[in-house]
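K.L.:
So the protein sequences, as listed, match chains A and B. Here this note's numbering is used: the first residue of the first sequence is 596, the next is one more, and so on. Here this note's numbering is used: the first residue of the second sequence is 596, the next is one more, and so on.
The reader is advised that the hints may include incorrect statements.
Just so you know, same-sequence chains aren't split out, so a pair can sit in one copy or run between any two.
Derived pair list, reagent style DSS-like, types lysine-lysine, alpha-carbon separation capped at 27 angstroms [what the hints assert, rightly or not]: (1) Lys669 x Lys847; (2) Lys721 x Lys620; (3) Lys785 x Lys623; (4) Lys750 x Lys630; (5) Lys646 x Lys750; (6) Lys630 x Lys646; (7) Lys605 x Lys721; (8) Lys623 x Lys669; (9) Lys801 x Lys847; (10) Lys620 x Lys810; (11) Lys620 x Lys702; (12) Lys859 x Lys801; (13) Lys810 x Lys623; (14) Lys847 x Lys621; (15) Lys752 x Lys669; (16) Lys785 x Lys621; (17) Lys669 x Lys605; (18) Lys630 x Lys815; (19) Lys903 x Lys702; (20) Lys750 x Lys789; (21) Lys810 x Lys750.
It is worth saying that the hints were derived from the structure and are not from the lab.
2 protein chains.
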Amino acid sequence: MFKEEGATHKIEELGEFGLIELLTKKVKIRNSSSKLGVGDDAAILNYSEDKDIVVTTDLLVEGVHFDMVFTPLKHLGYKAVVVNVSDIYAMNAQPRQITVSLAISSKYSVDAVEEIYEGIILAAEKYGVDVIGGDTTSSLSGLMISVTAIGEVEKGKAVLRSGAKENDLIVLSGDVGGAYVGLTILQQEKEVWKVNPNSQPDFTGKDYVLERQLKPEARKDIIALLQKMGVVPTSMIDVSDGVSSEVMHLCKSSKVGCNIYEEKIPIDPTTYQEAREFDLDPTMCALNGGEDYELLFTISQENFDKIKGNPNLTVIGHITTKESGTNLISSGGSVIPLKAQGWNSFSKKN
Amino acid sequence: MFKEEGATHKIEELGEFGLIELLTKKVKIRNSSSKLGVGDDAAILNYSEDKDIVVTTDLLVEGVHFDMVFTPLKHLGYKAVVVNVSDIYAMNAQPRQITVSLAISSKYSVDAVEEIYEGIILAAEKYGVDVIGGDTTSSLSGLMISVTAIGEVEKGKAVLRSGAKENDLIVLSGDVGGAYVGLTILQQEKEVWKVNPNSQPDFTGKDYVLERQLKPEARKDIIALLQKMGVVPTSMIDVSDGVSSEVMHLCKSSKVGCNIYEEKIPIDPTTYQEAREFDLDPTMCALNGGEDYELLFTISQENFDKIKGNPNLTVIGHITTKESGTNLISSGGSVIPLKAQGWNSFSKKN
Chain A
596 MFKEEGATHK
606 IEELGEFGLI
616 ELLTKKVKIR
626 NSSSKLGVGD
636 DAAILNYSED
646 KDIVVTTDLL
656 VEGVHFDMVF
666 TPLKHLGYKA
676 VVVNVSDIYA
686 MNAQPRQITV
696 SLAISSKYSV
706 DAVEEIYEGI
716 ILAAEKYGVD
726 VIGGDTTSSL
736 SGLMISVTAI
746 GEVEKGKAVL
756 RSGAKENDLI
766 VLSGDVGGAY
776 VGLTILQQEK
786 EVWKVNPNSQ
796 PDFTGKDYVL
806 ERQLKPEARK
816 DIIALLQKMG
826 VVPTSMIDVS
836 DGVSSEVMHL
846 CKSSKVGCNI
856 YEEKIPIDPT
866 TYQEAREFDL
876 DPTMCALNGG
886 EDYELLFTIS
896 QENFDKIKGN
906 PNLTVIGHIT
916 TKESGTNLIS
926 SGGSVIPLKA
936 QGWNSFSKKN
Chain B
596 MFKEEGATHK
606 IEELGEFGLI
616 ELLTKKVKIR
626 NSSSKLGVGD
636 DAAILNYSED
646 KDIVVTTDLL
656 VEGVHFDMVF
666 TPLKHLGYKA
676 VVVNVSDIYA
686 MNAQPRQITV
696 SLAISSKYSV
706 DAVEEIYEGI
716 ILAAEKYGVD
726 VIGGDTTSSL
736 SGLMISVTAI
746 GEVEKGKAVL
756 RSGAKENDLI
766 VLSGDVGGAY
776 VGLTILQQEK
786 EVWKVNPNSQ
796 PDFTGKDYVL
806 ERQLKPEARK
816 DIIALLQKMG
826 VVPTSMIDVS
836 DGVSSEVMHL
846 CKSSKVGCNI
856 YEEKIPIDPT
866 TYQEAREFDL
876 DPTMCALNGG
886 EDYELLFTIS
896 QENFDKIKGN
906 PNLTVIGHIT
916 TKESGTNLIS
926 SGGSVIPLKA
936 QGWNSFSKKN
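Next up, chain A with everything else stripped away, as it sits in the complex (with noise of 0.2 angstroms):
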């Protein structure tokens, strides 16, 4: 395509993909200690000859992934390594070291920004990570949090995105789309607020899709139960942008295609209940969703049995050839071609 003389490309036509695929195409590799890049969860490098180095960083930003009207300063703190550990986890890695830069408003006290760090180290110890470093700078308006976590692998054995091969199963762990709904009822009680400042929001009941938005885990225990159980990924990815999405990013650097069935995506009571009570239909949030942090992985056939009646683990689909496409089975038994409907913080408007 020309571009308009004058014109110029916004950003939120491309989305965070887009623009991240435009702006590394130019990127070279020109270090033997660096193995993998950008274009999986982590990076990965190699300066051991027994272990494999993974790297990988996110960035939390006021107004785009948090809003201070609900979300407490520790638990920022803590979802900030949190969605860094669990990138470092979908490496089938240990996470060991981060660094946490940020960037802070005046309107911050020091007693806040102690806060936020509070969540932090609490994560820290959670996840055995070290906090070796990072960068604190005041910021024009709004709060900014950019971790780098750092972990170890086994030489050779981090899970890809790219080793999917047909016939794996598609397993998830946990279940999804309750991050989403307890962030549409914090946003509907935040509108309650703004018109009525006095107002005392009613939490009763709601408190697993609120704790999945605002305190949501890495999943340590799954990589663990995974090595007891004998059972290496083909593929891994963890569920930041939605299930659908993460699906689809396994499935373009793997080479293959899949069918998920709606029938067997892990949705939780209390998700399915209050998805309902604001007539959002309870798959389209786990679909779409986000920010659950569960694992989302291919497994070959023949470990079936290892998972099997896991309570922790369900498998949603399998992998078939890239000429089939990523579909969705819909329960009346339809193909749904899936779409990447995962948040893109571009083309939120603000």
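Based on these hints, arrange chain B on the given structure of chain A.
P.N.:
Relative to the frame of chain A, chain B by itself:
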């Protein structure tokens, strides 16, 4: 000090270093792979038999670290890489990988982001590092670049801030103060431009100081030179916040004092002349200006003959005992205690 009821501490009162000290005092190191944590130019990781891995991260925020009125986007991307690899060189290490995270408001076009990335890729080529990952997201206002750099150094050969010994010589690469004087010129031209947007600034003869501010370079060459000379510094730091502040960091970490000689501080003639035109004291620009990205290091006296007469290296003083304090010996012979008047993003009035 007791906090008044309802009062909260202001970040400006603590400053960046005070805040970092406060936040990181509860940080614990639990992994054997974390060899050195917060408190030097970079952290050191122990993942390999024969190498130490070093990691550093720096955040550049619009309106705080750069002004879009006079900062070319390509230069900005370049500088974001330089400030990070400079920290890697300050460990006596070689940078190998970087991650780059961008938060961008909707006022920026795709073309603008591509320009930033061009600068990033140009710097990556120049310093031989690979862009291995990152994150790209929208922001509610302004632009923010967070870079993490990873490098390597032969096991045990990293140079820390803490190794300076009494009688060691204090050496500075290149010259200092230029970046600050360059910034002063650009800020003045911005004021002129605000009054008369059609005005054309005359930058004749000011190229050197403007380039020091807008397109600084990291001293890769100095690390190579020292290696060639067979000189291993006893301590080292890069000059990002001003010579005065950095010398005090070295002395604090090494538990020593110092005498710095005003007449020895290397100042470029352009820097000197332009400072004078702005009624600034060139020595104060050199000591407190910051952003020069030169290397400041200490060597034992027996290495003096090796560096003597090299135009890139200047002995500016020597290490004394902690009890003697950190002093500037003025050209007139007065002993003036050094003050860390280095640039502090939190004391900026926005």
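K.L.:
Does each hint fit the structure? Answer for all of them.
P.N.:
Evaluated hints:
no. : hint            : in the structure
1   : Lys669 x Lys847 : neither (37 angstroms within a copy, 32 angstroms between copies)
2   : Lys721 x Lys620 : between (37 angstroms within a copy, 18 angstroms between copies)
3   : Lys785 x Lys623 : neither (46 angstroms within a copy, 37 angstroms between copies)
4   : Lys750 x Lys630 : both (11 angstroms within a copy, 21 angstroms between copies)
5   : Lys646 x Lys750 : both (4 angstroms within a copy, 17 angstroms between copies)
6   : Lys630 x Lys646 : both (12 angstroms within a copy, 17 angstroms between copies)
7   : Lys605 x Lys721 : neither (41 angstroms within a copy, 30 angstroms between copies)
8   : Lys623 x Lys669 : between (39 angstroms within a copy, 18 angstroms between copies)
9   : Lys801 x Lys847 : neither (36 angstroms within a copy, 52 angstroms between copies)
10  : Lys620 x Lys810 : between (35 angstroms within a copy, 24 angstroms between copies)
11  : Lys620 x Lys702 : between (39 angstroms within a copy, 23 angstroms between copies)
12  : Lys859 x Lys801 : within (23 angstroms within a copy, 68 angstroms between copies)
13  : Lys810 x Lys623 : between (37 angstroms within a copy, 22 angstroms between copies)
14  : Lys847 x Lys621 : within (20 angstroms within a copy, 43 angstroms between copies)
15  : Lys752 x Lys669 : neither (34 angstroms within a copy, 39 angstroms between copies)
16  : Lys785 x Lys621 : neither (43 angstroms within a copy, 34 angstroms between copies)
17  : Lys669 x Lys605 : between (35 angstroms within a copy, 19 angstroms between copies)
18  : Lys630 x Lys815 : both (24 angstroms within a copy, 24 angstroms between copies)
19  : Lys903 x Lys702 : neither (52 angstroms within a copy, 51 angstroms between copies)
20  : Lys750 x Lys789 : neither (53 angstroms within a copy, 58 angstroms between copies)
21  : Lys810 x Lys750 : neither (32 angstroms within a copy, 40 angstroms between copies)
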